[in-house]
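Chains A and B are the protein sequences, given in the same order.
Heads up, the first sequence is in our numbering, so the first residue is 358 and it goes up one at a time.
Heads up, the second sequence is in our numbering, so the first residue is 70 and it goes up one at a time.
Derived by calculation from the structure, the hints in this document are not laboratory data.
Misleading hints may appear alongside valid ones.
[Said to hold, decoys possible] To spell it out: a stretch of chain B is covered by chain A in this simulated footprint if at least three of its residues, at any positions, have a beta carbon under 8 angstroms from a beta carbon of chain A; those stretches are:
id: 1; segment: 82-91
id: 2; segment: 114-123
[As the list claims (entries may be wrong)] Simulated restraints on C-beta separations:
id: 3; chain 1: A; residue 1: Leu469; chain 2: B; residue 2: Ile82; range: 37 to 47 angstroms
id: 4; chain 1: B; residue 1: Glu123; chain 2: A; residue 2: Asn358; range: 23 to 33 angstroms
id: 5; chain 1: A; residue 1: Asp413; chain 2: B; residue 2: Gln141; range: 27 to 37 angstroms
id: 6; chain 1: B; residue 1: Gln141; chain 2: A; residue 2: Gly373; range: 43 to 53 angstroms
id: 7; chain 1: B; residue 1: Thr109; chain 2: A; residue 2: Arg401; range: 13 to 23 angstroms
id: 8; chain 1: B; residue 1: Ala137; chain 2: A; residue 2: Thr427; range: 31 to 41 angstroms
id: 9; chain 1: A; residue 1: Met398; chain 2: B; residue 2: Asp108; range: 38 to 48 angstroms
id: 10; chain 1: B; residue 1: Pro98; chain 2: A; residue 2: Val445; range: 41 to 51 angstroms
id: 11; chain 1: A; residue 1: Asn419; chain 2: B; residue 2: Thr147; range: 36 to 46 angstroms
id: 12; chain 1: B; residue 1: Leu83; chain 2: A; residue 2: Ala359; range: 49 to 59 angstroms
id: 13; chain 1: B; residue 1: Glu74; chain 2: A; residue 2: Asp430; range: 41 to 51 angstroms
id: 14; chain 1: A; residue 1: Leu436; chain 2: B; residue 2: Leu83; range: 13 to 23 angstroms
[Claimed, not checked] One side only, chain A facing chain B, incomplete, derived with CB under 10 angstroms:
id: 15; residue: Pro365
id: 16; residue: Lys366
id: 17; residue: Ser390
id: 18; residue: Arg401
id: 19; residue: Leu402
id: 20; residue: Tyr421
id: 21; residue: Asn422
id: 22; residue: Thr443
id: 23; residue: Phe447
id: 24; residue: Phe459
id: 25; residue: Gly463
id: 26; residue: Arg465
id: 27; residue: Val468
Virtual Cβ for every residue (Gly too), placed ideally from N, Cα, C.
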Amino acid sequence: NAGVTQTPKFQVLKTGQSMTLQCAQDMNHEYMSWYRQDPGMGLRLIHYSVGAGITDQGEVPNGYNVSRSTTEDFPLRLLSAAPSQTSVYFCASSDPEGDEQFFGPGTRLTVL
Amino acid sequence: KNQVEQSPQSLIILEGKNCTLQCNYTVSPFSNLRWYKQDTGRGPVSLTIMTFSENTKSNGRYTATLDADTKQSSLHITASQLSDSASYICVVSTGEGNYTGNQFYFGTGTSLTVIP
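Full structure from sequences and hints, please.
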């Protein structure tokens with residue numbers, strides 16, 4: 358199993374550009390989440406999904422959209438990138454009990 | 070307010086020495102507490118999980134303790150190795166069997182550096 362994969366690993370955007378961060382998991386997990394990690398702060402939840410077709414907002418959802426058309430994929434879209442969105446983004450999927458999260462390797466995003 | 074606080078923020082130790090990292094939480098209701106290890110440039114990986122009824126859990130050279138009364142946990146690393154250099158994150162879950170993405174509360178982590 359590849360676990361949770363994320364692409365790209367690094368990305369540089371200009372203010373106002375849009376892009377999609379890809380996340381896929383091959384563990385058949387229903388639960389998936391997107392987090393951002395900033396220096397000196399704990400991981401903060403952006404959006405999450407409890408299954409295909411079902412998504413909900415987390416702590417910091419503004420400026421981001423998600424969709425979940427399949428169990429495997431959970432892409433995160435930045436609609437109009439801002440410098441405040443410079444961060445490291447992690448996708449995670451959770452085991453059936455919802456307790457243990459398995460994280461992807463992260464995407465380091467810089468918005469100029 | 071649900072919070073998870075970790076100390077120290079950073080720590081430097083000599084290879085072969087032991088160290089203890091602290092985690093205090095005010096999360097309620099409490100379901101479980103996990104310690105994650107995050108290597109530089111990688112995602113966090115679970116080390117241990119502890120539920121309300123457990124007060125000690127070991128994973129090799131890592132031993133976690135939990136005092137549910139005082140809402141404190143510690144992660145003790147024995148005979149440190151260079152590969153232990155990483156950030157260690159304490160995560161408390163309020164999950165009660167029904168997953169919600171908002172159930173996890175993350176500490177800011179302790180950055181551990183092991184030097185030769």
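**Q.** Distance restraint hint 38 to 48 angstroms, applied to the beta-carbon atoms of Met398 (chain A) and Asp108 (chain B)
**A.** Violated - the Cβ-Cβ distance for Met398 (chain A) and Asp108 (chain B), about 19 angstroms, lies outside 38 to 48 angstroms.
Q.
If I claimed the Cβ atoms of Pro98 (chain B) and Val445 (chain A) lie 41 to 51 angstroms apart, would that claim hold in this structure?
A. violated, 30 angstroms
Q.
Given Lys366 (chain A) as an interface hint, is its Cβ closer than 10 angstroms to any Cβ of chain B?
A. holds, 9 angstroms
Q | Pairwise beta carbon distance, Thr109 (chain B) to Arg401 (chain A), judged against the given window 13 to 23 angstroms | A | About 20 angstroms separates the Cβ atoms of Thr109 (chain B) and Arg401 (chain A), which means 13 to 23 angstroms holds.
(Q) Please check whether the segment 114-123 of chain B has three or more residues whose CB lies within less than 8 angstroms of a CB on chain A. (A) With 3 residues closer than 8 angstroms to chain A, the segment 114-123 of chain B meets the three-residue bar; holds.
Q) Do the Cβ positions of Leu469 (chain A) and Ile82 (chain B) conform to the proposed distance bound of 37 to 47 angstroms? A) holds, 38 angstroms
Q.
Can you verify the interface hint for Ser390 (chain A): is its Cβ closer than 10 angstroms to any Cβ in chain B?
A. holds, 5 angstroms
Q.
Is the interface hint satisfied for Phe447 (chain A)? The criterion is a beta-carbon contact with chain B at less than 10 angstroms.
A. holds, 5 angstroms
Q.
Taking 41 to 51 angstroms as the stated bounds, is the beta-carbon spacing between Glu74 (chain B) and Asp430 (chain A) within them?
A. Violated: the Cβ-Cβ distance is about 35 angstroms, outside 41 to 51 angstroms.
Q. Minimum Cβ distance from Arg465 (chain A) to chain B below 10 angstroms?
A. At 8 angstroms from the nearest chain B Cβ, Arg465 (chain A) passes the 10 angstroms test, so the hint holds.
Q) Holds or violated: Phe459 (chain A) as interface residue toward chain B, Cβ cutoff 10 angstroms? A) Holds, because the Cβ-Cβ distance from Phe459 (chain A) to chain B comes to roughly 8 angstroms (cut-off 10 angstroms).
Q. With 10 angstroms as the cut and Cβ atoms as the points, is Val468 (chain A) at the interface with chain B?
A. It is violated, given that the least Cβ distance between Val468 (chain A) and chain B is near 19 angstroms, above 10 angstroms.
Comparing the model with each earlier hint shows violations of hints 1, 9, 10, 12, 13, 14, 15, 20, 21, 22 and 27; every other hint is respected.
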